[in-house]
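If you read the sequences in order, they're chains P, B, A and Y.
For the first sequence, my numbering begins at 1 and goes up steadily by one.
For the second sequence, my numbering begins at 1 and goes up steadily by one.
For the third sequence, my numbering begins at 1 and goes up steadily by one.
For the fourth sequence, my numbering begins at 1 and goes up steadily by one.
Since the hints were derived computationally from the structure, they do not count as laboratory data.
Predicted model only: the values in this text are computed from it and were never measured.
By construction, the Cβ of each residue, glycine as well, lies at the ideal position given by its N, Cα and C atoms.
Each hint should be verified, as a subset may be incorrect.
No more than 35 Å apart at the CA atoms, straight line, and that leaves these computed lysine-lysine pairs for DSBU-like [what the hints assert, rightly or not]:
1. Lys195(P) <-> Lys60(P)
2. Lys178(B) <-> Lys194(P)
3. Lys68(A) <-> Lys266(P)
4. Lys194(P) <-> Lys184(B)
5. Lys129(Y) <-> Lys97(P)
6. Lys184(B) <-> Lys212(B)
7. Lys136(B) <-> Lys254(B)
8. Lys254(B) <-> Lys264(B)
9. Lys195(P) <-> Lys184(B)
10. Lys3(B) <-> Lys468(Y)
11. Lys212(B) <-> Lys143(B)
12. Lys3(B) <-> Lys590(Y)
13. Lys468(Y) <-> Lys70(B)
14. Lys68(A) <-> Lys97(P)
15. Lys129(Y) <-> Lys590(Y)
16. Lys266(P) <-> Lys24(Y)
17. Lys266(P) <-> Lys129(Y)
18. Lys154(P) <-> Lys173(P)
19. Lys116(P) <-> Lys97(P)
Now the in silico label distances, taken between C-beta atoms and shown as ranges [unchecked claim]:
20. Glu41(A) <-> Glu151(P): 37 to 43 Å
21. Val525(Y) <-> Arg103(B): 45 to 51 Å
22. Val39(A) <-> Val114(P): 27 to 33 Å
23. His155(P) <-> Ile22(Y): 53 to 59 Å
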Amino acid sequence: MEHAVSDEKQAHMGLPLPNGKLAMWLFLVTEIMFFTALIGTYLLIRMGMPTQSQPWPGPKDVHLVEAIGAFNTFVLICSSLTVVLAHWSLHTNDVRKATMYMGITLALGCVFLVVKAFEYKSKIDHQILPGRVFEKLDGPTGYRFYRTVEEQLKHIVEGHAHASEKAREACRKLLDELPRLSPKEINLRIAGSKKVKECDMPSGASKEVTGILEEFHDEDLHLSHSIPFGNMWASCYFAMTGFHALHVLGGLVVFGVILIMAWMGKFGVQHLNLVEYTGLYWHFVDIVWIFLFPLLYLV
Amino acid sequence: MGKWWSALFGIVMLACLGMFMVAPFVPTWWLPEGVSTHSGQVDALFYIILYITGFFFVLTEALLVYFMYKYAGQPGTTPRPTEPAAQGGFYAMLHRWFPDAHRVEVAWTIVPALILLFIAFAQVPTWLEIKDRSRKPAIGGEKTPIQCHVSARQFEWRVRYPSSQRLRNWQTFTTNEKTIADFKSFASFDGAKPRHPHLDDVPVVNEVHTWKGQTILVQLNTIDVIHSFNVPHMRVKQDALPGRTIPVWFTPTKANTRYNEETKRWEDAFNFTTGKPDMGYRWEIACAELCGWGHHRMIGRIYVHENKADFYRWLEHVEQSQAPPTKPQQKVAAR
Amino acid sequence: MSEPHANGDAHAAPDFQTYIYVFLALAICTILSFAVYGVLEGMAAAGIIMIVAVIKAALVIWIFMHVKFDWPRIYFLIVPVLILGVMMMFVLLPDIVIAWHQ
Amino acid sequence: MSSSQLHVGEVHAHEHHELSFIHKYIFSTDHKIIGIQFLFTTLLFLVLGGALALLVRTQLAWPHAELPWISSWFLESNGGRMTESFYNMLFSMHASVMIFFVIIPLLAGAFGNFTIPLMIGAPDMAFPKLNMLSYWFMWPAFILILVSFFAEGGAPAAGWTSYPTLASSSMPAGQGFDSPAAPNSGHGQIFWLLSLLFVGVSSMMGSVNYITTIINMRSPGMTLYRMPMTIWALFITAILQAFALPVLTVALILQSLDKLLGTTFFLPPAGLEFANWETGPGGGQPLLWQHLFWFYSHPAVYIMILPAMGMVSDIISTFARRALFGYRAMILSIAGIAGLGFIVWGHHMFQSGMDPRLGTGFMIATIMIALPSAIKTFNWLATVYRGNVQYTAAMLFALAFVAMFIIGGLSGIFMAATPVDIYIHDTYFIVAHLHYVLFSSSLLGIFAGIYYWFPKMFGRLMNESLGKLHFTLTFIFLNGLFFPMHILGVAGLRRRIPDITNAVLESPLVSLNQFMTLCAFALGVSQFIFIYNFFYSLFRGEVSGRNPWHSNTLEWVAPSPPGHGNFETIPVVHRWPYDYGDYGSIDHLKQTDPPDPSHPSGQHH
Ligand code: HEA
Ligand code: HEA
Ligand code: CUA
Ligand SMILES: [Cu+2]
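Sequences are here, hints too, so could you generate the full structure?
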């Protein structure tokens with residue numbers, strides 16, 4: 001503080017806590033409320049809406065790989081460690097080591113984001129996006145479903161996707177039959193009766209049908225099918241992980257700035273506070289993920 | 001000059017008070033007559049609060065005006081010192097936290113606290129009786145309500161009654177499983193559409209009918225935005241929430257509908273005591289939640305028939321007028 | 001910004017070893033919750049997994065974020081926010097979760 | 001002692017180069033300038049909000065009248081008459097502007113910034129740059145809210161509460177940003193949401209800054225229990241904001257996502273059917289918005305009154321020349337209001353389809369809020385009691401605050417009572433309540449504050465006679481305007497309707513509405529006195545000197561207007577701020593007056 005009254009007196013009247021740290025904690029408090037509201041929204045919607053016949057989608061339904069989430073958790077935990085070690089090194093006057101730890105943290109943060117990006121890509125490929133998942137298949141939605149599937153099938157049949165020959169054959173067959181099928185039947189043919197919920201069964205369908213997706217386990221077959229609460233799931237997933245990712249990005253920017261400072265030789269023990277506050281923020285981001293991971297992937 | 005200000009405050013506050021004194025005697029300036037079984041309780045609670053708050057209004061404003069008058073600054077006078085804080089016992093404890101506490105402060109904390117607690121707990125029984133689902137009238141016995149489904153949309157109330165036959169089945173005191181299931185099916189909706197629709201349901205628009213003394217259970221729902229089922233005369237108000245069906249029930253204590261032989265319509269706004277049409281007996285369902293540009297004119301009406309027979313007469317009329325055109329079409333409109 | 005270094009222990013920090021231990025504990029917790037996910041199902045699994053998550057968060061807050069040292073100075077921020085956050089969700093439960101299933 | 005009174009001037013001797021105009025008045029980091037910037041911009045928005053209100057009033061009084069010239073200015077009119085959606089837009093924007101761009105930034109932004117460092121004896125805020133940012137983050141908000149007036153489909157018209165699904169419904173993915181529910185809920189609503197997001201970020205920065213400053217930057221001797229009520233109130237308000245605002249931010253973000261990216265947070269599972277559009281399936285909860293919104297917006301109403309209460313406490317004590325009665329009780333009751341304020345949000349939702357049993361809990365909490373408010377009211381009265389009341393314009397507005405807050409608060413009790421609220425909800429009774437607490441209390445409190453601190457801000461006094469005239473007219477006409485609203489509500493007039501001639505209960509109330517509208521116009525015109533007085537005094541007012549009101553608090557120790565760094569010497573505080581009048585020949589003892597055994601402080605220790 002340029003205009004600070006002498007330190008000793010501030011300490012006398014205020015808390016024995018630097019302004020920056022106090023402000024950082026205040027900021028974190030607002031962040032806690034922010035994520036509480038966000039996660040609370042998710043929990044309430046998730047616990048409130050789904051029913052026995054229309055459960056909340058499991059990780060498999062929405063192409064979510066738990067192991068990847070666990071890996072990312074581990075990455076963030078590591079980065080939490082390195083950032084606290086950076087502070088510790090600076091505390092013990094070891095600027096070089098501190099810089100190194102900062103660098104590792106930055107790298108780990110990047111790894112996290114890259115993994116996240118791949119996760120996002122798989123959602124986009126499978127059209128598991130808010131407002132894009134088909135749930136009820138009657139009325140105009142059914143028609144849109146029909147058109148989407150038609151397009152996807154054409155795409156596969158024309159050979160742009162790396163689908164296996166057999167799978168492509170099945171797709172060609174479905175494409176031929178498409179005009180004669182109702183949207184619900186199309187859905188059944190794609191997903192198979194194990195994945196299609198009772199309410200989405202076309203009336204009179206026999207119960208054991210194996211869908212194209214089931215039959216070929218083909219990750220590259222990007223075919224839409226109905227996922228009850230898929231839209232809501234996607235909304236929550238993207239909102240929560242998206243805001244978390246933005247926070248990660250924010251942290252990375254600060255780490256980047258610190259590293260540039262170090263590169264320019266301007267980084268030193270005088271930045272102990274800066275490193276500590278950044279660390280506080282980074283730990284908070286870590287904690288958010290510690291909750292997001294089980295809530296989205298495991299529970 | 002200083003005293004003038006207390007006069008200004010006094011006059012304005014008196015004018016406000018006066019307005020509340022006069023309003024009950026101006027015909028259209030006060031609560032409309034309550035015509036449901038619970039309206040009396042609601043009004044009573046209103047008056048309790050009105051008297052308590054009225055008392056505090058007069059007390060505090062009068063003190064303010066009086067102090068403003070009495071202690072208007074005169075040059076040269078210095079005010080007397082504050083009374084010394086009370087000491088000993090309870091106060092010693094109090095003074096640890098409130099070094100400036102006075103006896104009067106304790107008093108004006110505890111007395112309002114008690115009054116407020118009284119106000120709060122006085123509300124609970126009435127509130128639960130009107131809204132709590134455990135008090136919802138159920139099928140079986142003499143208290144069986146008639147039931148209709150109200151689906152709000154921009155900007156009208158779409159009302160659906162069961163066919164007169166099914167309604168009669170509900171109303172017989174010996175109900176079997178099937179009627180019970182039928183009765184309950186009115187509450188289960190998949191979005192806006194009933195999960196088990198009946199082809200013989202009787203749809204009407206913007207009118208809800210029942211008869212005097214008969215509880216009606218409205219299954220309220222909306223297909224687009226939030227609306228509010230607001231019947232001021234019945235002291236009923238309930239928002240219709242997209243995606244949810246909310247039960248609303250009330251029992252009218254007066255009738256307002258008769259069959260007008262001249263116009264061949266069922267007409268409301270009829271005062272049976274005087275035997276004359278009377279706009280005070282038009283009970284409207286005036287949507288009370290902003291729902292778009294037509295919100296202000298989203299108005300339905302409550303028709304309370306004199307007795308059961310009249311009600312069924314009306315229901316059967318509508319049923320026939322809406323039956324498939326194989327039957328000879330009868331021109332009986334609801335209004 | 002030169003901050004007043006009000007008192008020495010504002011920067012008192014746990015030593016290197018503690019950090020490593022905490023890190024190991026966190027890693028083990030992560031594996032644990034993943035294992036529970038593979039083995040158990042339903043509410044039991046969910047409960048255990050969430051408890052483990054709370055433990056992890058507590059460890060990070062307590063040691064990594066130095067709350068162990070700063071607690072007397074910042075509890076007045078943390079306690080209310082936790083109360084508020086938890087309260088908000090619990091108050092909404094009957095309304096949004098239970099009411100829907102009626 | 002002497003060592004602690006170091007000269008700020010000495011320390012910063014090298015800093016006394018002239019700042020350029022831009023750095024001094026535009027991108028200033030000086031809390032006083034920022035406060036004044038907030039003051040000017042928000043007063044400008046007050047004029048806008050007031051103009052919108054007057055249009056609202058016009059339509060209510062003469063629902064079928066063709067508006068001679070106005071109609072040709074606005075696009076949305078049919079045959080010279082205002083369209084219904086245009087009316088909806090008017091009150092929605094009126095309320096949004098008044099709440100988010102006038103009252104909150106005036107109280108927290110203008111007065112918070114101006115008074116906090118001065119009254120605690122600090123040279124500036126803890127983070128001056130952040131402070132500047134918090135002002136400049138308002139500008140995107142200003143611009144966005146103004147842009148929304150010209151958005152396709154019109155400005156938002158779903159009320160300031162923006163309930164889904166009227167506000168939130170969007171076209172199915174890929175069908176553009178129009179709204180199937182109402183044309184104005186399309187693009188305009190999106191601008192509204194983004195605008196409020198910026199307001200939120202700005203307020204959040206402000207509140208972090210205020211809390212840090214008040215906790216850590218107090219001058220020597222300024223213990224917590226020596227802080228003036230203004231500071232206490234602003235402190236607790238900042239805490240309220242820090243805790244509540246993030247929740248609104250989430251709500252705003254979720255609704256924006258619903259509108260922009262097709263998420264379904266507020267869309268029920270089965271979707272909705274509009275006249276010509278069917279939304280896709282949802283899975284969300286319309287009620288969730290109301291919970292999130294009111295979780296913020298109820299505490300927000302206290303954000304909009306507590307600072308005014310603090311200011312009024314100081315002003316009344318100053319001009320009654322008497323110690324504030326029950327200082328600690330006043331602090332505790334503010335804290336109590338704030339604490340309780342977090343658990344009463346459901347009282348806006350009694351009729352919303354919320355679980356009725358929850359309603360009971362919310363009702364009891366709500367009614368109990370009257371208790372701390374009662375303590376405050378009685379303490380104000382007791383402060384005037386045996387006082388030596390100086391009727392300055394500031395004091396008149398402060399006393400009117402008390403008188404009006406009683407009315408506004410008491411009407412709150414009716415609505416808090418769940419069964420009574422069945423009838424009262426969404427009628428003009430609510431409108432009466434909210435204007436009594438927002439206009440007649442908060443805004444009058446703000447006027448009091450402006451008259452009181454004007455000399456400190458600009459070094460000149462406002463004209464007292466004009467001030468008193470302004471007060472008299474405002475006081476009379478606002479009661480003429482707002483008090484009949486209670487009657488309208490009891491008679492059953494619904495709020496938010498452009499045409500009151502439709503329903504049986506409503507149509508007889510037209511003439512009363514016309515009377516109110518005339519009062520509203522008179523009220524609007526009276527404000528020109530204030531505007532004139534403000535600008536006249538800015539340049540021609542009587543030079544005030546340091547302490548024109550003989551006040552005790554620290555800001556009056558500094559020069560008027562205070563220079564860069566506020567105080568020539570760092571003030572050392574020896575007593576609480578309310579030592580008025582009790583000491584025989586001595587009229588008042590400033591907080592900096594050294595202790596003297598013959599003149600004990602009124603505060604017992
Ligand atoms: C500054 C703003 C402000 C303040 C301070 C308050 C204060 C209070 N408000 Fe108000 N309120 C609003 C702004 C505010 N409100 C707004 C803007 C809305 C409408 C939102 C919308 O829908 O658009 C609203 C709506 C609103 C509702 C919802 C109504 C509805 O929509 O159906 C309710 C219901 O309980 C309520 C209650 C209260 C209560 C109990 C208080 C209490 O804090 C009041 C306490 C004060 C007193 C009681 C007076 C002083 C005490 C005494 C003189 C002692 C003696 C008294 C007794 C013993 C009773 N308010
Ligand atoms: C701080 C908040 C605040 C303030 C100050 C006001 C001030 C006024 N309000 Fe408003 N109002 C609200 C907050 C506020 N209001 C809210 C929250 C709602 C609810 C909205 C909703 O339902 O969503 C509402 C709703 C509302 C309604 C109900 C609309 C409806 O439900 O249909 C009405 C109707 O009369 C109204 C009128 C007025 C009037 C005439 C003023 C007057 O007091 C205004 C007088 C002031 C001025 C005129 C400005 C000062 C003028 C100058 C400095 C210069 C002069 C300028 C000109 C003459 C153009 N307001
Ligand atoms: Cu429907 Cu308002
Ligand atoms: Cu409220």
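Give me the numbers of the hints this structure contradicts, sorted from smallest to largest. When the structure is compared with the hints, none of them turns out to be violated.
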